[in-house]
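Enquirer: If you want the building blocks of each chain, they are given just below.
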Amino acid sequence: MNINIASQINSFLAALVLLTAFGMLVQRRMYGLVHLFAWQGLFLSLNTAIVGFVADRHHLYISSVLTLTLKVILLPYILHVLIQRLKVHKEVETVVNIPMTMLIGIALVIFSYHLMAPVRELSTLVTRSTLAVALATVMIGLLMMITRKHAVTQIIGFLAMENGLFFAATSATYGMPLVVELGVALDILIAAFIFGIFFFHIHTTFDSLDVEKMARLKEED
Amino acid sequence: MLLVLLLVPLVASVILAFVGDRKFAPEINIMGSAATFAAGAGLAVQVYMEGPMLAGGKFFFVDAFNVYLSVLTSFVSMTTAVFSRRYMRKEREHGRVGHIRMRFYHAMFQLFIFAMLLCLLTNNVGVLWIAMELATLSTVLLVSLYRTPTAIEAAWKYFILCGVGIAQALFGTVLLYFAAEKVLGEGGEALLWTNLSRISPELEPTVLSLAFVFLMVGYGTKVGLVPLHNWLPDAHSEGPTPISAVLSGLLLNIALYALVRCKVLVDGATGTHHAGNIMMGFGLLSILVAAFSLLRQKDIKRMFSYSSIEHMGIATFAFGLGGPVATFGALLHMLVHSLAKSSIFFTVGHASQMHRTQEMDRIRGLFRGNPLVGWGLMLGVMAIVGMPPFGIFTSEFLILTATMKDAPLLTPFLLLGLAVAFAALFRRVQSMVAGDVPSYQKPMKAAHVPVLLHMALVLVLGIYMPDFLNKWFHTAVELLK
Numbered sequence: 000m001n002i003n004i005a006s007q008i009n010s011f012l013a014a015l016v017l018l019t020a021f022g023m024l025v026q027r028r029m030y031g032l033v034h035l036f037a038w039q040g041l042f043l044s045l046n047t048a049i050v051g052f053v054a055d056r057h058h059l060y061i062s063s064v065l066t067l068t069l070k071v072i073l074l075p076y077i078l079h080v081l082i083q084r085l086k087v088h089k090e091v092e093t094v095v096n097i098p099m100t101m102l103i104g105i106a107l108v109i110f111s112y113h114l115m116a117p118v119r120e121l122s123t124l125v126t127r128s129t130l131a132v133a134l135a136t137v138m139i140g141l142l143m144m145i146t147r148k149h150a151v152t153q154i155i156g157f158l159a160m161e162n163g164l165f166f167a168a169t170s171a172t173y174g175m176p177l178v179v180e181l182g183v184a185l186d187i188l189i190a191a192f193i194f195g196i197f198f199f200h201i202h203t204t205f206d207s208l209d210v211e212k213m214a215r216l217k218e219e220d
Numbered sequence: 000m001l002l003v004l005l006l007v008p009l010v011a012s013v014i015l016a017f018v019g020d021r022k023f024a025p026e027i028n029i030m031g032s033a034a035t036f037a038a039g040a041g042l043a044v045q046v047y048m049e050g051p052m053l054a055g056g057k058f059f060f061v062d063a064f065n066v067y068l069s070v071l072t073s074f075v076s077m078t079t080a081v082f083s084r085r086y087m088r089k090e091r092e093h094g095r096v097g098h099i100r101m102r103f104y105h106a107m108f109q110l111f112i113f114a115m116l117l118c119l120l121t122n123n124v125g126v127l128w129i130a131m132e133l134a135t136l137s138t139v140l141l142v143s144l145y146r147t148p149t150a151i152e153a154a155w156k157y158f159i160l161c162g163v164g165i166a167q168a169l170f171g172t173v174l175l176y177f178a179a180e181k182v183l184g185e186g187g188e189a190l191l192w193t194n195l196s197r198i199s200p201e202l203e204p205t206v207l208s209l210a211f212v213f214l215m216v217g218y219g220t221k222v223g224l225v226p227l228h229n230w231l232p233d234a235h236s237e238g239p240t241p242i243s244a245v246l247s248g249l250l251l252n253i254a255l256y257a258l259v260r261c262k263v264l265v266d267g268a269t270g271t272h273h274a275g276n277i278m279m280g281f282g283l284l285s286i287l288v289a290a291f292s293l294l295r296q297k298d299i300k301r302m303f304s305y306s307s308i309e310h311m312g313i314a315t316f317a318f319g320l321g322g323p324v325a326t327f328g329a330l331l332h333m334l335v336h337s338l339a340k341s342s343i344f345f346t347v348g349h350a351s352q353m354h355r356t357q358e359m360d361r362i363r364g365l366f367r368g369n370p371l372v373g374w375g376l377m378l379g380v381m382a383i384v385g386m387p388p389f390g391i392f393t394s395e396f397l398i399l400t401a402t403m404k405d406a407p408l409l410t411p412f413l414l415l416g417l418a419v420a421f422a423a424l425f426r427r428v429q430s431m432v433a434g435d436v437p438s439y440q441k442p443m444k445a446a447h448v449p450v451l452l453h454m455a456l457v458l459v460l461g462i463y464m465p466d467f468l469n470k471w472f473h474t475a476v477e478l479l480k
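Chain order of the listed sequences is A and B.
Going by numbering that gives the first Met the number 0, the letters in the first sequence line up with residues 0 to 220, in that order.
Going by numbering that gives the first Met the number 0, the letters in the second sequence line up with residues 0 to 480, in that order.
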């Protein structure tokens, strides 16, 4: 494949990843969020496979398949089941001040480009231009965790951050060494197991997954 | 020996998961931890005789810096296992935990020890991150073991905030790999610490200083540095006390260890004091904020969690200051703080079981009610506030001397923090140990071996520094220059 075309496909997929990140920032329905998360994973997985093909790095195929199974199939499935079991699919979260959140998101993207400018100049890889997008995805995931007050939403924000980190590794260095990627995937899997248990605990104790209700531990005066 | 040290807790974890809540499960837990400590001691002897070494195809390594932390980790986990036998039996009698949760508790305890040892002994900076995340994940559900609303809230906060924090550290690791790959070429070799420290002057300074900001925020969250400390008092106070002891005494040290390893690389690349200054700022802020927060605490475990933040601040500050005296002081401080703090948590655990509350206003008359618990707490607090002749006095004295020499303007702030912490802790502990035994206090048999052992060690380290420790600390100071 021509390097030029590959670079363009890479940028296009990066744009789609960022678009899904912004989509998640404003999506209020639980199922909608899970679907957006699955799409983001799919774009990432495609991107990794293409980079692997262009740069001739075969270990990236393994990462790509790993992303596909973990983030496109397994995690969305688990989330789906949990949402159904806990009957929170009807809960529509009240998200305050969507335009403001979007503006902060845009500011974060610009900030990421600014921060990554020196790194981009040092890089010679096909994917160098997408590193800023990766950092922006991490930041938007973080923003989502701060602004949203639902346990499921916070977890999806957390997983979106992890997506951004994975994307960063692909853009900056054609992926981390395989042992590290496998280890990170294992950690995510354990985390998924834990938040699954947590959802049930929070639900039975607080009768809702609204984390605003958890406000007993405050500094006393 | 190194691989044995890692394998023992992992195997013990699997065995305990199968054994479940049998009568002898706590004993297996103790035996597993004792075997881990034996392996740790064996490794220490080996390192003392033969010097630093690599194992498992360069994948693991041990040098003067991580060998003493490994021994410390395996030692404290052993004494905590001993303490936990009596403590958890009492908790079961009080009906706070059941069958399934006890099985889970023992298995996760060993897995946690494994994760911490993996953090210390791995040579790969990426695996270091993975092990750190594993250590967090294995303790999240232990913090929420009692399933009370506050415990669940604390654990959720711990899970989310540490997850976010540590994600930043992964981004920093990606940037580090990006810089390293240019010098060392692609593949796992480029993340090996032994390789990185060799070529650190050739690494790109701009990328490394950017990476350090992310690593600082990431691992700093786990160290519990202000303003990233929000989760720490909750997580350390709501879980079972043995877990509080290992979280405060060990896990914070491990996170600081990771941060210091990264700082060495950044210093090598930039050749400036940039990273050190950031660490000094975070450290000093932590000391001051934690010292003043100590004054307002009502819950005994929360108070000592803030004290942990303060002491981690002191160590971070000293590592940031650099120089042989401050670094020596910081290494010693990590060791003695860990021993003293876990011992305090042991006594605090017993004290709150005797009164069935963690509220300090209701804890009274410990000297008369149970002299071991009372005196253990009193001496522990005396050690932790830095009274001579305990070891913390020595380490804080070294750090203060170095500050007066290298950054004299910061000395008053450091002294203010230490003085406020001193006053806050003393005021509280005196009212708890003195006085008559209240009617609601129940007598109990305390686990005395761990407390006595820890206090004796802290005392000995204040008076006499063994030769092997001295040698390791000096080598580690060279290493971290």
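Read the hints as simulated data drawn from the structure, not as lab findings.
Wrong hints could be hidden among the right ones.
[Said to hold, decoys possible] Below, simulated BS3-like cross-link-like pairs (lysine-lysine); rule was C-alpha separation at most 25 Å, straight line:
1) Lys148/A / Lys156/B
2) Lys212/A / Lys57/B
3) Lys89/B / Lys441/B
4) Lys212/A / Lys156/B
5) Lys181/B / Lys57/B
6) Lys404/B / Lys89/B
7) Lys156/B / Lys86/A
8) Lys470/B / Lys89/B
9) Lys148/A / Lys212/A
10) Lys480/B / Lys404/B
11) Lys148/A / Lys86/A
12) Lys57/B / Lys156/B
[To be verified] The calculated label-pair distances, taken between Cβ atoms and stated as ranges, are:
13) Ala14/A / Thr474/B: 16 to 22 Å
14) Glu26/B / Ile189/A: 53 to 59 Å
15) Phe412/B / Tyr76/A: 51 to 57 Å
16) Thr68/A / Pro465/B: 51 to 57 Å
17) Thr474/B / Thr123/A: 37 to 43 Å
18) Leu181/A / Leu6/B: 16 to 22 Å
19) Gly31/A / Thr147/B: 31 to 37 Å
20) Ile103/A / Arg84/B: 30 to 36 Å
[Said to hold, decoys possible] Now the stretches of chain A that chain B is said to cover, found in silico as 3 or more residues with beta-carbon under 8 Å:
21) 147–158
22) 171–182
23) 198–209
The structure presented is a predicted model; accordingly, all values stated were derived computationally and were not measured.
Think of the CB as a built atom: it goes at the ideal place given N, C-alpha and C, for glycine as much as any other residue.
Enquirer: Determine for every hint whether it applies to the structure shown.
Expert: To see whether the hints hold, each was checked on the structure:
1. Lys148/A / Lys156/B: Holds, at about 12 Å.
2. Lys212/A / Lys57/B: Given pair Lys212/A, Lys57/B is violated - Cα atoms ~49 Å apart, limit 25 Å.
3. Lys89/B / Lys441/B: holds (12 Å)
4. Lys212/A / Lys156/B: Holds - the C-alpha atoms of Lys156/B and Lys212/A are around 13 Å apart, at most 25 Å.
5. Lys181/B / Lys57/B: holds (20 Å)
6. Lys404/B / Lys89/B: violated (51 Å)
7. Lys156/B / Lys86/A: holds (23 Å)
8. Lys470/B / Lys89/B: Violated, at roughly 43 Å.
9. Lys148/A / Lys212/A: holds (9 Å)
10. Lys480/B / Lys404/B: holds (17 Å)
11. Lys148/A / Lys86/A: holds (17 Å)
12. Lys57/B / Lys156/B: violated (37 Å)
13. Ala14/A / Thr474/B: 16 to 22 Å: Violated, at about 52 Å.
14. Glu26/B / Ile189/A: 53 to 59 Å: Once the Cβ atoms are compared, 28 Å apart, the range 53 to 59 Å for Ile189/A and Glu26/B is violated.
15. Phe412/B / Tyr76/A: 51 to 57 Å: Distance hint for Phe412/B, Tyr76/A holds at roughly 53 Å.
16. Thr68/A / Pro465/B: 51 to 57 Å: Cβ of Thr68/A to Cβ of Pro465/B: about 52 Å, so the range 51 to 57 Å holds.
17. Thr474/B / Thr123/A: 37 to 43 Å: Hint holds: Cβ distance 39 Å, inside 37 to 43 Å.
18. Leu181/A / Leu6/B: 16 to 22 Å: 20 Å Cβ-Cβ, so the 16 to 22 Å window holds.
19. Gly31/A / Thr147/B: 31 to 37 Å: This hint holds: roughly 34 Å between Cβ atoms.
20. Ile103/A / Arg84/B: 30 to 36 Å: violated (51 Å)
21. 147–158: holds (count 3)
22. 171–182: holds (count 9)
23. 198–209: holds (count 4)
Against the hints set out earlier in the document, violations occur for numbers 2, 6, 8, 12, 13, 14 and 20.
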